[in-house]
Amino acid sequence: FYIYFYFSLTGCVTCLDHDEHYILTFPNGYGRQVNSLIDIFIFNALSILTVPWIELGGECSISCPKTGYNASIVFHTKPFYGGKKHRVTAEIFSPNDKKPFCSIEGEWNGVMYAKYSTGENAVFIDTKKMPTIKKKVRKLEDQDDFESRCLWKDVTYNLKIRDIDAATAAKH
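Everything in the sequence shown is counted per UniProt numbering, starting at 1 for the first residue and increasing by one.
For the record, the hints were derived by calculation from the structure and aren't laboratory data.
Incorrect hints may have been included.
Stated by the list, open to error - Computed list of lysine-lysine pairs in BS3-like fashion (alpha-carbon distance at most 25 Å, straight line):
no.: 1; residue 1: K129; residue 2: K84
no.: 2; residue 1: K135; residue 2: K160
no.: 3; residue 1: K85; residue 2: K128
no.: 4; residue 1: K139; residue 2: K153
no.: 5; residue 1: K171; residue 2: K160
no.: 6; residue 1: K129; residue 2: K115
no.: 7; residue 1: K153; residue 2: K85
What the hints assert, rightly or not - Label-pair distances were calculated between CB atoms; the ranges are:
no.: 8; residue 1: Y81; residue 2: T168; range: 47 to 55 Å
no.: 9; residue 1: D17; residue 2: D154; range: 38 to 46 Å
no.: 10; residue 1: P131; residue 2: H172; range: 34 to 42 Å
Only a predicted model underlies this, so the values are computations on that prediction, with no experimental measurement involved.
Each residue gets a CB set at the ideal place from its N, CA and C atoms; glycine is no exception.
All chains, full assembly: derive it from the sequences and hints.
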């Protein structure tokens, strides 16, 4: 199957220690499921035996108006034949430069490697070794009616107790 969602949102991350604001765009998201050619062409059906996954794809950018540094990032979708899932490449540019001083490639949910214009190669980040940080969220009673957790609390509760009908009703 194929599910596609597209956001044309722009975000902003603030680095308080340096008073820098980073403007960023987001990749597209795809719901994927691998089906064999036999399923698709002979039986004209999708297999329920494979495990679906979410895939990111498309181009995004990060830029800092204060410093002029910017990055172009490409999330590569898995080709139909061969290839890997979760691939990402990026180029980081100094202000007013057209040639990147750093190129990055790897998997967005694994290890990414950096190659600098000086010729140095290094591990840029290993997401598998990063600690999981618990989210800090205000208590439900302190949230406004249309804040996400407050708005979806009945749906979430019913999904946790596996009452799909009640969860569906709570969405309306």
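Verification of the supplied hints:
no.	hint	verdict
1	K129 <-> K84	holds, 21 Å
2	K135 <-> K160	holds, 19 Å
3	K85 <-> K128	holds, 16 Å
4	K139 <-> K153	holds, 12 Å
5	K171 <-> K160	holds, 15 Å
6	K129 <-> K115	holds, 20 Å
7	K153 <-> K85	violated, 33 Å
8	Y81 <-> T168: 47 to 55 Å	violated, 38 Å
9	D17 <-> D154: 38 to 46 Å	holds, 40 Å
10	P131 <-> H172: 34 to 42 Å	holds, 39 Å
Figure legend: structure checked against the earlier numbered hints; hints not met, in rising order: 7 and 8.
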